[in-house]
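J.: Model the placement of chain Y on the given structure of chain L, informed by the hints.
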Amino acid sequence: MGNVSERIDYTKAFKLVEQYEEYRLRKSWGIMMLIVGISITYIRLIWIFYDWLAYFIDESFLIWYVFVPISYLLMFGTIIFPLTLAIITYFSTKRTIIEGNMISSKRYILYGIALFLLYFNSYWLPRILLPLIWVLFFPQSIVTEDNTIVFDVSSLIQTEANSMLWKGLSFLISYLLLSRIVKRIKFKELLVPGVILILLSGILIILGSSTAPPLTDTLERQISSVNTIIMAISFLGSGFYSIKKAYKSLEGRD
Amino acid sequence: MTFNGQEKRKKISDKTDLILSINNLLISPVRFPIMLILFTHKKIRFSELQTLLNLSAGNLDHHLRKLEGAAYIVKKRVLFPKRSQTMIIITELGRNSFKEFSHKLSNILNKVE
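Top line first, the protein sequences correspond to chains L and Y. The first sequence begins at 1 in our numbering and counts up by one. The second sequence begins at 1001 in our numbering and counts up by one.
None of these hints come from the bench; they were simulated from the model. Possibly wrong hints are sitting among the right ones.
Straight-line C-alpha distance at most 35 angstroms; calculated DSBU-like pairs for lysine-lysine [claimed, not checked]:
1. 1066/Y <-> 106/L
2. 1042/Y <-> 1066/Y
3. 248/L <-> 1042/Y
Next up, chain L with everything else stripped away, as it sits in the complex (with noise of 0.2 angstroms):
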């Protein structure tokens, strides 16, 4: 006869199998998103400050050393980047399905399109599609100065509000997908963010249609700024959280 501590334990061994996935699953979310919040963070930073750089560093330098590299990242990141990090992950990830005598597996499909639309939300429907339908829709918000096509002050306002409430949307519906993956899961890291980006977003709104002031370069650079430094925070906080929750899980603290 074997010893009571010798048995093995079956249902803890399944279990075992499961917490490794959840890790898995964290980890590769956290990493993606610290991947995800670092590039959109690095090419909104040199957007904001390029006059600056310019200032202190050889302008060809910085057009091809930067700018164009910069480029070349817009042009082929819009699709591509976001679509290799998804489907990294998609195959890195998968699930044990136990049923009956048969053991399948399953991957994360949802993960994938969570993380292509957190991704495609956050910087490239702000920024370029929105303002794009904004102009169409309100013609009246371009104003002409000297032959240089300027936003008025509030529409200004109102990309970063855009911007804001559309990451925010984004964090929601990663939260909504992801809860659906693994339903044990709670993540709060998604789900904080994404409700103090729609809140913050309502603030500024509020902001923008009330009695709109000067906007100067430097206003429009700090407007631009807090919106970055707040979307860093919301990826970067949110991928390091899903990181430590991923050794929780490994664990078995979680």
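T.: Showing chain Y alone in chain L's frame:
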């Protein structure tokens, strides 16, 4: 009566054969989860496995050596920028043996039922 007795003895003998034919190496509370994880995920890092099973490095290594001795797994050193990590990978023989083991186990359970 004799026929019934013979049939009973044959049934018991069948069960005993089945139990005896089971892979002893896998009847272990540590090696079974290791093989199950490797069967479902093909490979895992040593450090991850150690945290998951809550074992000391020496204890885990002892079990891994047994599995490696039977050619069920292979250990591979993977170099990362700052450190190296040991990757545990299941072999084809390991996969087949685990599959066979699970199959026999399921047969026994069905016969018990």
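J.: Report the numbers of all earlier hints that the structure fails to satisfy, in ascending order.
T.: Failing hints: none at all.
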